[in-house]
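Undergrad: Dock chain one against chain two, each of which comes alone in its own frame, and use the hints as you go.
Listed below, chain by chain, are the residues.
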Amino acid sequence: MINFDNVSKHYKNSNTPALDGINLNIEQGDFVFLVGQSGSGKSSLLRLLLKEEKPTSGTVTVDGINVAKLPNRKVPAFRRTMGIVFQDFRLLPGKTVFDNVAFGMEVIGKSKKEIEQRIPALLELVGLEEKAHRLPSELSGGEQQRVALARAFVNQPKLLLADEPTGNLDPSTSVGIMKLLDRINRTGTTIVMATHDVAIVDQMRKRIVQMENGKIIRDQERGMYGHTGQ
Amino acid sequence: MRFSFVSKEVGNGLRRNFTMTVALIVSVAVSLSLVGAALLMSAQVDRMKGYWYDKIEVSIFLCGNTSVAFTCTGAVTDEQRKNIETVLGTLESVQDVFYESSADAYEQFKEQFAGSAILANISPDALPESFRVKLDNPENFEKVAGALQSVQGVESIQDQRQLLDRFFQILKGLQSFALAIALAMLFVTVLLVMNTVRVAAFARRRETSIMRSVGASNMSIRLPFILEAAVAAVIGSTLATAGILASKYWLIDGKLAPNLTFIPFVTWSEVLAIVPVLYLVGVGTTVLAASVTLRRYLKG
Chain V
626 MINFDNVSKH YKNSNTPALD GINLNIEQGD FVFLVGQSGS GKSSLLRLLL KEEKPTSGTV
686 TVDGINVAKL PNRKVPAFRR TMGIVFQDFR LLPGKTVFDN VAFGMEVIGK SKKEIEQRIP
746 ALLELVGLEE KAHRLPSELS GGEQQRVALA RAFVNQPKLL LADEPTGNLD PSTSVGIMKL
806 LDRINRTGTT IVMATHDVAI VDQMRKRIVQ MENGKIIRDQ ERGMYGHTGQ
Chain S
5 MRFSFVSKEV GNGLRRNFTM TVALIVSVAV SLSLVGAALL MSAQVDRMKG YWYDKIEVSI
65 FLCGNTSVAF TCTGAVTDEQ RKNIETVLGT LESVQDVFYE SSADAYEQFK EQFAGSAILA
125 NISPDALPES FRVKLDNPEN FEKVAGALQS VQGVESIQDQ RQLLDRFFQI LKGLQSFALA
185 IALAMLFVTV LLVMNTVRVA AFARRRETSI MRSVGASNMS IRLPFILEAA VAAVIGSTLA
245 TAGILASKYW LIDGKLAPNL TFIPFVTWSE VLAIVPVLYL VGVGTTVLAA SVTLRRYLKG
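Protein sequences appear in the order of chains V and S. Numbered by the working numbering, the letters in the first sequence go through residues 626 to 855 in order. Numbered by the working numbering, the letters in the second sequence go through residues 5 to 304 in order.
Only chain S is shown next, with the shape it has when bound in the complex (with noise of 0.2 Å):
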């Protein structure tokens, strides 16, 4: 086969099932723009994360005068603090640990409430002291929490990665549905690859029956199916790229970064990776779906 020929066959195919050609690349193009965007969500997620995580720590307050827990009698004695100590520094998972008095305690609070009225009704005693805890994986919370929780002196023990979890799994949530919706949108670009594929067949049997009977390859009746289909799903991808880059420079970096400064965005390199997985989706599904129905609709 020769290129020239195989390229004047695809350009004459697409410009003959112009319609269909557009269909099939505005299809491919919402598609993977939906599969990007669910992928850019999962790099957002694991960026913040890792962020966040890293800052996040375990909390252990320790008994206070009006405490209640069935490990308290009274206020933690010097004893019971030397001992938590001594249990902590046993913990694998245990990276660093601070301990903040009542007083450090209140003197954290003034910092963040400065100027409001609520500091007025607090005592440094209302505070409890604490340690805080940095744990070398937020994940290993359990085990911590396990040797500690029955220590005497020990109040309570808090995780604040729980409440970052929360708030993840909204964004889990949202990804999911992104992903759900592109899986669909896949589907559909499938069945309309073999239905723009099925039509050029059939619009071009008089071609391909005279290419069998003068002993063209399958692979070259083939070919020009194949390649019309593979361009039509390369300019899709372009487009959902362009869309996805688009959204990291104006949406991102013009919008979202400036005004949440306290949020880390994904990086370009981030977003740079998603883009040849897209292509390979976007050709690689449309190809695969091209390639069926010709087996189906262009027998040898």
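Only chain V is shown next, with the shape it has when bound in the complex (with noise of 0.2 Å):
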């Protein structure tokens, strides 16, 4: 699904490298925590995933895509096939909760008969069918990133990229979503998170990727944040 061959990536106006000589592979159906310290390039390697950036050296391939060399025409169908959480949500202040998650339809040209049949669906899957008209300003923290989830799997992608998605939640809060990510996962959605939330990655015993300085210095199945093997 996803495979990182000795990928660096230089920024321009900085002497580390965000990233250095990086081997991952992702197995489509895997869900996977990359965790380390700010900076430690976590951000960087979800950029690398979404074509917002492009390695320095190496080459990085999503499902058979060899994502440096798609065109630019063709990023906005690649992004299409995968959905994308982000820490402060992300939804759009004027919509409601049933028309923020429709935005991801909408710009992709579905029918609005395609979108009434689908949403209701959707909502009901992240607990939401009680509030499709309400406003996210309405919303608590978590019920806002319950709608942006609904937004990422609205296209039902093969990959779901969450960026620290529980960082402005409170603990029950984030338990209730990742729950939700778990039961994302077992429909064969693969999902890679990152975060440095502890207690999270403790409790769900997954795959975890740590990294620092630019560096993958731990690749653990069912894994847990403090046991970093020193």
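Hints are computed from structural coordinates only; laboratory data are not their basis. A few of these clues could be false.
[As the list claims (entries may be wrong)] List of simulated lysine-lysine pairs, DSS-like, C-alpha gap at most 27 Å: (1) 676(V) to 738(V); (2) 114(S) to 59(S); (3) 756(V) to 259(S); (4) 86(S) to 735(V); (5) 694(V) to 720(V); (6) 59(S) to 86(S); (7) 53(S) to 176(S); (8) 12(S) to 738(V); (9) 12(S) to 720(V); (10) 176(S) to 138(S); (11) 737(V) to 756(V); (12) 114(S) to 737(V); (13) 738(V) to 720(V); (14) 637(V) to 804(V); (15) 783(V) to 694(V).
As the structure is a prediction and not an experimental result, all values here were calculated from the model.
TA: Dropping the structure here:
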């Protein structure tokens, strides 16, 4: 599904590389935690997957596609195969829950009929069927993140990238989001989640990829945050 | 991209950016009115040229008793007159030749200045006899003048076009002036479009970033912005068109034409021909400016 082959990334105005010789393989259906301190290279890694940046050297392959060689006009179609969730939810404040989720389908040209068929089931999945016509400002942080998750999952992507999805949420709300992610993962969707939420990582017991100074220092199945093997 | 979705986005964008939209509409309207005025003036000059050039002629005045030109040795002789007529006959650009004797000229003169005191001081002899030559194209004056200016018996050659050309030059000047202001206004419009689009793109960076992340194509991200600018341009062009049509109806047909009957004015079909040009310039410039700006501010 995802393969990093000796990937390095140097930003122009920095002396130290953001990514330094990364080798990583993620299979279809995996659930991977990307952990490490701020500046360890997690975000750079995600940005390379989205083709927001190009690697300085090495190749990134997603679903058989060499991301760096993907022409710009094909990037939108490429992004439709993945869902993205951010720490700050990125909902549109003027649109209702329903419209926010629908937005993900509207911008890629789905018909009104398809949208009206798909969204109720999706809102039910994230447990917000009662709040379809509320505005984001009327929702709690956890509920807003559920809306964002529904939108990310609306086109049934094979890959879901989550950048600190629980970063703005309290622990009990985070558990709910993680359960939801787990349920999405069980449908066969690959999930890569960058986080430094120790409690969550320890609870889930999923694969852990730990980064430091642009290098992978640990890659462990069913790992725990604190056990660095030192 | 669904039409209803795009039109909703465009409507929202225009409403949220209301003041800038109004500024854009006014700017487009003013600059296009000037473009229209310049085009109208050019059509008017063409029309007057066509009308008057058709009527003007070249006058070849023949020597009289008192003539001092080097081609004159006293009054023109019959032989010289015949020779001049033959030369005129060989010239290709000459369409028609009328001979006007001194007596004919005097008759004409009497008619034109009937009741004026000047008549008493003029005798038929004082008016030279002449050939009135009509050319196929007034531009060919030089050829005719060249062929005749050193022929014996010709005193002087006068081109009526020279008198008109001075007048046309003034009109041309006014036209260039209007065009220069129009270009300056169009430039201002382009800057305004760029700024409006930039502000709109900044105000909606959240939407566009979300659109990008869910995989909307570059075209569908940019289209609402471009359409917003285009809608403003269409409204502005319509206002400018209304202004041009109104000036034809009230100013030209209502005020000028009834009072200045000797001037042919632009017709409706000539005025209507300007309208598509205005829309094309207005919408084209705006869409182009918007696209260029978006390329810079909405990187995919």
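Undergrad: Against each hint, give a clear statement of whether it holds in the structure.
TA: Cross-check of the supplied hints:
Between residue 676(V) and residue 738(V) the CA atoms are separated by roughly 32 Å; this puts the pair beyond 27 Å, and the hint is violated. Pair hint residue 114(S) plus residue 59(S) holds up; C-alpha atoms about 22 Å apart against a cutoff of 27 Å. In summary, the hint linking residue 756(V) to residue 259(S) is not supported, as the alpha carbons are separated by about 67 Å, beyond the 27 Å threshold. For the proposed pair residue 86(S) and residue 735(V), the alpha carbon gap of about 90 Å is over 27 Å, so the pair is violated.
A threshold of 27 Å between alpha carbons decides the hint, and for residue 694(V) with residue 720(V) the separation of about 36 Å lies outside it, so the pair is violated. A C-alpha spacing of about 26 Å is found between residue 59(S) and residue 86(S), which places the hinted pair at or below 27 Å, so the restraint holds. Among the hinted pairs, residue 53(S) with residue 176(S) is consistent with the structure: their alpha-carbon atoms are about 12 Å apart, no more than 27 Å. Taking the CA atoms of residue 12(S) and residue 738(V), the gap is about 17 Å. The hint holds against a cut of 27 Å.
The hinted pair formed by residue 12(S) and residue 720(V) meets the criterion: a straight-line CA distance of about 12 Å does not exceed 27 Å. Between residue 176(S) and residue 138(S) the CA atoms are separated by roughly 26 Å; this keeps the pair inside 27 Å, and the hint holds. Between the alpha carbons of residue 737(V) and residue 756(V) the distance comes to roughly 20 Å, so the proposed pair stays at or under 27 Å and holds. Straight-line distance between C-alpha atoms of residue 114(S) and residue 737(V) comes to about 87 Å, which puts the hinted pair past the 27 Å bound.
Between residue 738(V) and residue 720(V) the alpha-carbon distance is near 19 Å, which keeps this suggested pair within the 27 Å criterion. Taking the CA atoms of residue 637(V) and residue 804(V), the gap is about 40 Å. The hint is violated against a cut of 27 Å. As the CA atoms of residue 783(V) and residue 694(V) are separated by approximately 20 Å, the hinted pair is consistent with the 27 Å bound.
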